[in-house]
Amino acid sequence: MSLLVIYPISSTFLNNSYADEYKTETVSLFKKINPNIKKVVNPRRQIDEILNSYSLEQASNLNISGLDSIKRLDIAEITKLYMDIDKSEAQLTLSGLGSTQYQFLN
Numbered sequence: 003m004s005l006l007v008i009y010p011i012s013s014t015f016l017n018n019s020y021a022d023e024y025k026t027e028t029v030s031l032f033k034k035i036n037p038n039i040k041k042v043v044n045p046r047r048q049i050d051e052i053l054n055s056y057s058l059e060q061a062s063n064l065n066i067s068g069l070d071s072i073k074r075l076d077i078a079e080i081t082k083l084y085m086d087i088d089k090s091e092a093q094l095t096l097s098g099l100g101s102t103q104y105q106f107l108n
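Residue numbers (our numbering): 3 to 108.
Hints may be right or wrong, so weigh each one.
[As the list claims (entries may be wrong)] Here are the computed distance ranges between Cβ atoms for each label pair: (1) Lys34 to Glu91: 39 to 49 Å; (2) Ala78 to Leu16: 52 to 62 Å; (3) Gly98 to Thr26: 22 to 32 Å.
[Claimed, not checked] EDC-like mimics (lysine to aspartate or glutamate), calculated; alpha carbons at most 16 Å apart, straight line: (4) Lys41 to Glu27; (5) Lys40 to Glu27; (6) Lys82 to Glu51.
Hints were generated in silico from the structure; no laboratory data involved.
From the three backbone atoms N, C-alpha and C, an ideal C-beta is built for every residue, glycine too.
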């Protein structure tokens, strides 16, 4: 009998706790995106507005001119390529190079 009383109360408490956590995390996410946000009223509408105001064409316009140089090497032994676009650095992992190829690259 006590289970019939305790279960609904505990279930309501857990649901309220999850709802509060959801609200807190939603506001935290919005503050990470835009620190000037004061209140989150309608998260779906607000995130749509943020996405619509963000120019995706501008963000996807990356200049990777060094990639053509790597393609021109045409070395089958390149097993891995790591690029840090922010620092304009590229790191190649090569395997199975002959000594002539190694001397040419070195």
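Status of each hint after checking the structure:
{"no.": "1", "hint": "Lys34 to Glu91: 39 to 49 Å", "result": "violated, 27 Å"}
{"no.": "2", "hint": "Ala78 to Leu16: 52 to 62 Å", "result": "holds, 58 Å"}
{"no.": "3", "hint": "Gly98 to Thr26: 22 to 32 Å", "result": "violated, 53 Å"}
{"no.": "4", "hint": "Lys41 to Glu27", "result": "holds, 13 Å"}
{"no.": "5", "hint": "Lys40 to Glu27", "result": "holds, 14 Å"}
{"no.": "6", "hint": "Lys82 to Glu51", "result": "violated, 39 Å"}
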